[in-house]
Amino acid sequence: MKTREIAEFIGAELAGDSDTEINAVAAYERASAGDIAFLEKTNVETETGASAVIVLADFSGQLRCPILKVRSPKLAFAQIASILHPRKQRNPEIHESAVIAASANLGENVFIGAFTTVGENSEVGDGCQLRAGSKVGDGVTLGKNCVLHPNVFVEDGCIIGDDVVLHSGVVIGADGFGYVRDDKGSYHKFPQIGTVVIEGNVEIGANTCVDRGALGETRIGEGTKIDNLVQIAHNVQIGKRVVIAAQTGISGSTVIEDDCVIGGQVGMGDHARVQSGAVIGSQAGVLPGKIVRPGVWWGTPVQPLDDYKRQNAHVKGLAKTKDELKDLKRKIADLEDETNRNRNTR
Amino acid sequence: MKTREIAEFIGAELAGDSDTEINAVAAYERASAGDIAFLEKTNVETETGASAVIVLADFSGQLRCPILKVRSPKLAFAQIASILHPRKQRNPEIHESAVIAASANLGENVFIGAFTTVGENSEVGDGCQLRAGSKVGDGVTLGKNCVLHPNVFVEDGCIIGDDVVLHSGVVIGADGFGYVRDDKGSYHKFPQIGTVVIEGNVEIGANTCVDRGALGETRIGEGTKIDNLVQIAHNVQIGKRVVIAAQTGISGSTVIEDDCVIGGQVGMGDHARVQSGAVIGSQAGVLPGKIVRPGVWWGTPVQPLDDYKRQNAHVKGLAKTKDELKDLKRKIADLEDETNRNRNTR
Amino acid sequence: MKTREIAEFIGAELAGDSDTEINAVAAYERASAGDIAFLEKTNVETETGASAVIVLADFSGQLRCPILKVRSPKLAFAQIASILHPRKQRNPEIHESAVIAASANLGENVFIGAFTTVGENSEVGDGCQLRAGSKVGDGVTLGKNCVLHPNVFVEDGCIIGDDVVLHSGVVIGADGFGYVRDDKGSYHKFPQIGTVVIEGNVEIGANTCVDRGALGETRIGEGTKIDNLVQIAHNVQIGKRVVIAAQTGISGSTVIEDDCVIGGQVGMGDHARVQSGAVIGSQAGVLPGKIVRPGVWWGTPVQPLDDYKRQNAHVKGLAKTKDELKDLKRKIADLEDETNRNRNTR
Numbered sequence: 027m028k029t030r031e032i033a034e035f036i037g038a039e040l041a042g043d044s045d046t047e048i049n050a051v052a053a054y055e056r057a058s059a060g061d062i063a064f065l066e067k068t069n070v071e072t073e074t075g076a077s078a079v080i081v082l083a084d085f086s087g088q089l090r091c092p093i094l095k096v097r098s099p100k101l102a103f104a105q106i107a108s109i110l111h112p113r114k115q116r117n118p119e120i121h122e123s124a125v126i127a128a129s130a131n132l133g134e135n136v137f138i139g140a141f142t143t144v145g146e147n148s149e150v151g152d153g154c155q156l157r158a159g160s161k162v163g164d165g166v167t168l169g170k171n172c173v174l175h176p177n178v179f180v181e182d183g184c185i186i187g188d189d190v191v192l193h194s195g196v197v198i199g200a201d202g203f204g205y206v207r208d209d210k211g212s213y214h215k216f217p218q219i220g221t222v223v224i225e226g227n228v229e230i231g232a233n234t235c236v237d238r239g240a241l242g243e244t245r246i247g248e249g250t251k252i253d254n255l256v257q258i259a260h261n262v263q264i265g266k267r268v269v270i271a272a273q274t275g276i277s278g279s280t281v282i283e284d285d286c287v288i289g290g291q292v293g294m295g296d297h298a299r300v301q302s303g304a305v306i307g308s309q310a311g312v313l314p315g316k317i318v319r320p321g322v323w324w325g326t327p328v329q330p331l332d333d334y335k336r337q338n339a340h341v342k343g344l345a346k347t348k349d350e351l352k353d354l355k356r357k358i359a360d361l362e363d364e365t366n367r368n369r370n371t372r
Numbered sequence: 027m028k029t030r031e032i033a034e035f036i037g038a039e040l041a042g043d044s045d046t047e048i049n050a051v052a053a054y055e056r057a058s059a060g061d062i063a064f065l066e067k068t069n070v071e072t073e074t075g076a077s078a079v080i081v082l083a084d085f086s087g088q089l090r091c092p093i094l095k096v097r098s099p100k101l102a103f104a105q106i107a108s109i110l111h112p113r114k115q116r117n118p119e120i121h122e123s124a125v126i127a128a129s130a131n132l133g134e135n136v137f138i139g140a141f142t143t144v145g146e147n148s149e150v151g152d153g154c155q156l157r158a159g160s161k162v163g164d165g166v167t168l169g170k171n172c173v174l175h176p177n178v179f180v181e182d183g184c185i186i187g188d189d190v191v192l193h194s195g196v197v198i199g200a201d202g203f204g205y206v207r208d209d210k211g212s213y214h215k216f217p218q219i220g221t222v223v224i225e226g227n228v229e230i231g232a233n234t235c236v237d238r239g240a241l242g243e244t245r246i247g248e249g250t251k252i253d254n255l256v257q258i259a260h261n262v263q264i265g266k267r268v269v270i271a272a273q274t275g276i277s278g279s280t281v282i283e284d285d286c287v288i289g290g291q292v293g294m295g296d297h298a299r300v301q302s303g304a305v306i307g308s309q310a311g312v313l314p315g316k317i318v319r320p321g322v323w324w325g326t327p328v329q330p331l332d333d334y335k336r337q338n339a340h341v342k343g344l345a346k347t348k349d350e351l352k353d354l355k356r357k358i359a360d361l362e363d364e365t366n367r368n369r370n371t372r
Numbered sequence: 027m028k029t030r031e032i033a034e035f036i037g038a039e040l041a042g043d044s045d046t047e048i049n050a051v052a053a054y055e056r057a058s059a060g061d062i063a064f065l066e067k068t069n070v071e072t073e074t075g076a077s078a079v080i081v082l083a084d085f086s087g088q089l090r091c092p093i094l095k096v097r098s099p100k101l102a103f104a105q106i107a108s109i110l111h112p113r114k115q116r117n118p119e120i121h122e123s124a125v126i127a128a129s130a131n132l133g134e135n136v137f138i139g140a141f142t143t144v145g146e147n148s149e150v151g152d153g154c155q156l157r158a159g160s161k162v163g164d165g166v167t168l169g170k171n172c173v174l175h176p177n178v179f180v181e182d183g184c185i186i187g188d189d190v191v192l193h194s195g196v197v198i199g200a201d202g203f204g205y206v207r208d209d210k211g212s213y214h215k216f217p218q219i220g221t222v223v224i225e226g227n228v229e230i231g232a233n234t235c236v237d238r239g240a241l242g243e244t245r246i247g248e249g250t251k252i253d254n255l256v257q258i259a260h261n262v263q264i265g266k267r268v269v270i271a272a273q274t275g276i277s278g279s280t281v282i283e284d285d286c287v288i289g290g291q292v293g294m295g296d297h298a299r300v301q302s303g304a305v306i307g308s309q310a311g312v313l314p315g316k317i318v319r320p321g322v323w324w325g326t327p328v329q330p331l332d333d334y335k336r337q338n339a340h341v342k343g344l345a346k347t348k349d350e351l352k353d354l355k356r357k358i359a360d361l362e363d364e365t366n367r368n369r370n371t372r
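Chains as they are written, first to last, in the numbering used here: chain D, 27 to 372; chain Z, 27 to 372; chain C, 27 to 372.
Only pairs whose alpha carbons sit at most 20 Å apart, straight line, appear in this in silico EDC-like list of lysine to aspartate or glutamate: (1) Z:Lys215 to C:Asp188; (2) Z:Lys357 to D:Glu362; (3) C:Lys316 to C:Glu283; (4) Z:Lys346 to D:Asp333; (5) D:Lys95 to D:Glu73; (6) Z:Lys210 to C:Glu229; (7) C:Lys352 to C:Glu364; (8) D:Lys266 to D:Asp189; (9) Z:Lys210 to C:Glu225; (10) C:Lys348 to D:Glu350; (11) Z:Lys215 to Z:Glu243.
Derived coverage of chain D by chain C (criterion: at least 3 residues anywhere in the stretch with Cβ under 8 Å from a Cβ of chain C; other residues may be distant): (12) 43 to 54; (13) 105 to 111; (14) 172 to 179; (15) 249 to 255; (16) 263 to 273; (17) 339 to 352; (18) 356 to 370.
Note that these hints are calculated values from the structure, not bench results.
Being a predicted model, the structure only gives us computed values, none of them experimental.
Heads up, the beta-carbon is just placed ideally off N, CA and C, and yes, glycines get one too.
Using the sequences and the hints given, assemble the complete structure.
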């Protein structure tokens, strides 16, 4: 791609040679000839080996290579990267080892890798890639252009939208964790007969688990992105464009509304509700039933970030507080002594 | 099943039509004709579309459908669900792709799915289901009616009791994490040559790991239920009827006695002991060697819930404490002034 | 092996019979005839059934069996265990079901198990063991004598050194978690086109995930040991001889220098740096960008262990602090009363 074409594609104002050939993206510090990089500063501290750089609209630095001015260089960089480094396309193929139920329905141009299974009455949409060892149960629906990376498992009856990416080791639709205890202390399985619905354009990280609903459904909304090793329990409802970082765990029936950002290793109790636009810091703990309003939240149990910081400062100041208290004690003792003396001398 | 048969099965007192046909369980709010639901309130707020409802013995509400009175509606509901929605039975089959050692011993009526392996001298009990891609090492014993969901791995020499369910991606018997450091700082593997014993009726959630003992065994007691993404280290001993929620991690040689309940994302150091009946709240931290007595525990490091709440209240009150301290300082300064003036005027 | 040979191998001073036959290691308390055990005490409290015991150089107890004196009995025990219980050697074999690209290059004496895949242009070093269901992508390099346990996945282009062990369910080189948000709130994937480099002698626990670099590489240094269910994000740099316990998560671009020890369930923000020799306690939280100096660290946010303990003591003492404050208030009120009375009587 020439710089001119890139400028057009990302809607940039180009300064410099418009015919420079670009064939890869790279980090600004490590780029070399043929690479395009990006910079989110208004000036330059170090030179780059890149052949072009995407910069801020108000960039005022000097670079030896062509520059492309846009409002969000990082976004433009991501967009051009998706062209220069498209997702690996595997040629349509159904591997001879694949075990596909006669009643399953495969779309056009699908890639069905080695050692995969597709169960009874399942639908695999056009352009899907089921990589080696991925397993699809019975009655599953996969939308178009989904990618199931190696060793993914999608249990019976789950519904997956278009353009969903499930990374290696993901488990969708295993039983939720629900039991009822009897008089003798034994646990009886509460029915886990619901399903999982994953809307379009969702990406789910390696070894993450999304349990099926107990009676209803577990749902993940359109465009939501979930990192590795996350636990999504039965009947959780996650909205659209939610981001959840690694190792976070969300207990049963909790609702996360649209456009929330959840850090890593966050724990949420059951039946909580995180309202649209809330941001929860890593390692935070949300108590069962808690309503988390929009804003930035931190700590266990979660509180608004400012409160958390203030409280943390108070805790850090405890040594000083105790010293002050000691000082006051001494002063009071002195005053008492003086008062006693006065009383006696009066 | 007719309401009459259900009432008999769960030992309920039936009020209303005894011939109503029930074919599924459903949530009270979403149930429709043919469903049975349950209610754990003594009265009704909203109607249900269910054809029958299991209610508390002292239920005093009015419903248009037959009701079945029992002591624990949720338990009865779980019991009837296990009849109406039995675990999926796969027809006995040994898939042609399965790789089964000649010395392995398969029981009656087993289902051995595609791309599975069963190693040398392993025993697979009657009625076991080894779903696609599950792998069983050498010298493994699986009891009767176990279910290994897709991509489960059971390492050499592990012993699994009857009716054990291992969800997708579970790893049983991988090496524990033990090393000895030499003078130069290099780590040498401490032998991890023990085993794992899982007693009957245990259920283990997706992508959970149970490491083999270093020299002895790691054991999980009968009827214990473990959620997804849990880490059980080498030589851990877990008693009977223990419940462990998702993403909890238990370090080496720690003992959890019978009937404990452990929340999610709890971390336990090594060589700790959780005594029978203890309940540990989510995200709690148990220090190495700690003995956790019966009762409810919370926080890091764990403390009794009441202490934790009190302490939390104190911490939340720190701003007020500091204000009070400031106020006292001012009062003392005033008193000192007055005392000084008095002294001078005397 | 005879005690004499063992003494020579571990460089021990042997006391007792030099011809005793040893064929296994065992724990001191559970050892029986033919076993060798170890003891890290200078004296004996209970007898052992072992046929030989490795003890400290200054051991002064009496045992009925031969003893072998060394500086570090546990290390010597680990060393002799590696001889008596060598890692399982599978006979060289390429299972007929394996799917190996014509352009892949397999070394000598490799074991390629059932249902494995090796992609285009990948190199598998001499003596590698790819157990059942493990998958190797395109352009991957595996050094010599690596073990990929069942269902491991190594994504395209990753580079693995010699003697690396990847336990079951490990995912190496899945996409990192990086997105850029546009004006409408949608997330666009930031390119995840880097790689993962794992140096020699690294061991990685079950179901752990190591994401590929976004643009550069994610690297794990020689001799580093990582436990189960750990999350290593894109572009993380981990030094040599680092130990990381289970369920810890390390965010993007964070650097952990050589010889650090990281506990379980630790969370690290992005772009942090843990300096060589630092030790971080379990469940600690490291804020983004934080530099953690050598020493022992604890808590969230991490602080030096001594500070943490002191702070914890202050927090625990808050009830007392409040009582003292109340007491002072009363005393001050008394003093004020007295002062007022005096003023009035003057």
